[in-house]
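Trainee: Listed below are the residues making up each chain.
2 protein chains.
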Amino acid sequence: MNDGIAIREATPADLPLVVRFVRELAEYERLAHEVKAGEAEFGAALFGPAPRVFALVLEAGGQPAGVAIWFYNFSTFLGRHGIYVEDVYVAPEYRGRGLGRKVFQYLAAKAVDEGCGRLEWWVLDWNQPALDFYRSIGAEPMTEWTVQRVTGDALRRLAATD
Amino acid sequence: MNDGIAIREATPADLPLVVRFVRELAEYERLAHEVKAGEAEFGAALFGPAPRVFALVLEAGGQPAGVAIWFYNFSTFLGRHGIYVEDVYVAPEYRGRGLGRKVFQYLAAKAVDEGCGRLEWWVLDWNQPALDFYRSIGAEPMTEWTVQRVTGDALRRLAATD
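Those protein sequence lines, which keep their order, are chains A and B.
Numbered according to the numbering used here, the first sequence spans residues 1 to 162.
Numbered according to the numbering used here, the second sequence spans residues 163 to 324.
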């Protein structure tokens, strides 16, 4: 299954690719209207001084086939960082070759190597193929927890209150 | 309500306090068995070179009253970092004075100042007082999403597969 697939760290030359794949992912997640980022934003975040977010390029047969974005989170109870997978995208024509699995294996190995306690991510509840896949790699759903978000005008209002 | 309450960045001298409050928080969340971290772990993570996680000390009347732990996450669609609140703990005798609200205001202001797009955190679904409070500060529950986690033996197994 894994023949000809590879994962490598993104370089600045990959920025157009990263932006294209992020837009394709947003379309798949029905969230295209939320994409605000272009090469300038990704360039600053991924390749500025002391970056706090990282990108992987997925390849199949030497061709770019997808992208993964991750950063370090933190477990207060463990007192250790974890690895948080923000996004994994595999282009439709490259699905079914094990690229997604290879990303999670790659980041699990990095987590173990670096003494991180956990590998975590979120999933949209209606994405059953993804949920099935995550069970197959040993992930547990943290169903007791719900993500809370303040953004946009609400964020500015909260910032301005006293 | 806010008289005499303050927030400041933690220093290495606060490590015993941070550890004590994290243990108290774990007891409240019925997760005390999960706490593995002591001063060495927190010292390395909070005060080592180029830290990726940060602590705030909450004070009331000049006394330490709680702690908050946060780090930078990232929104792929915005192409910008956000602020993720890992934990907020207010000691029982200091609750009801607005310290929790002040933490979220403080971090919302930091997010706005630094061009971060979002302030996010998780909450335990049974913690109704917290849920009510989060609605009051403008947070939306991201109910379409579930957190997935690989940890412990499952993480090592995933790392070792090929």
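These aren't lab readings, by the way, just hints derived from the structure by calculation.
Fair warning: this is a prediction, and the values are worked out from it, not measured in the lab.
Heads up, some of the hints might be wrong.
Stated by the list, open to error - Just the calculated beta-carbon pair ranges, DEER-fashion:
| hint | chain 1 | residue 1 | chain 2 | residue 2 | range |
| --- | --- | --- | --- | --- | --- |
| 1 | A | Ala50 | B | Asn289 | 30 to 36 Å |
| 2 | A | Arg135 | B | Gly166 | 48 to 54 Å |
| 3 | A | Arg156 | B | Asp287 | 43 to 49 Å |
| 4 | B | Pro211 | A | Ala154 | 33 to 39 Å |
| 5 | A | Leu17 | B | Glu196 | 26 to 32 Å |
Note that the Cβ used here is the ideal one computed from N, Cα and C, for glycine as well.
Trainee: For each hint, tell me whether it holds in the structure or not.
Mentor: Evaluation of the provided hints:
1. Hint check: Ala50/A to Asn289/B, Cβ distance near 35 Å, so the stated range 30 to 36 Å holds.
2. Distance hint check: the CB atoms of Arg135/A and Gly166/B are about 50 Å apart, consistent with the given range 48 to 54 Å.
3. At about 28 Å, the beta-carbon gap between Arg156/A and Asp287/B misses the expected band of 43 to 49 Å.
4. A hinted range of 33 to 39 Å for the beta carbons of Pro211/B and Ala154/A is consistent with their spacing of about 35 Å.
5. The beta-carbon spacing between Leu17/A and Glu196/B, approximately 39 Å, falls outside the hinted interval of 26 to 32 Å.
The structure shown violates the earlier hints numbered 3 and 5.
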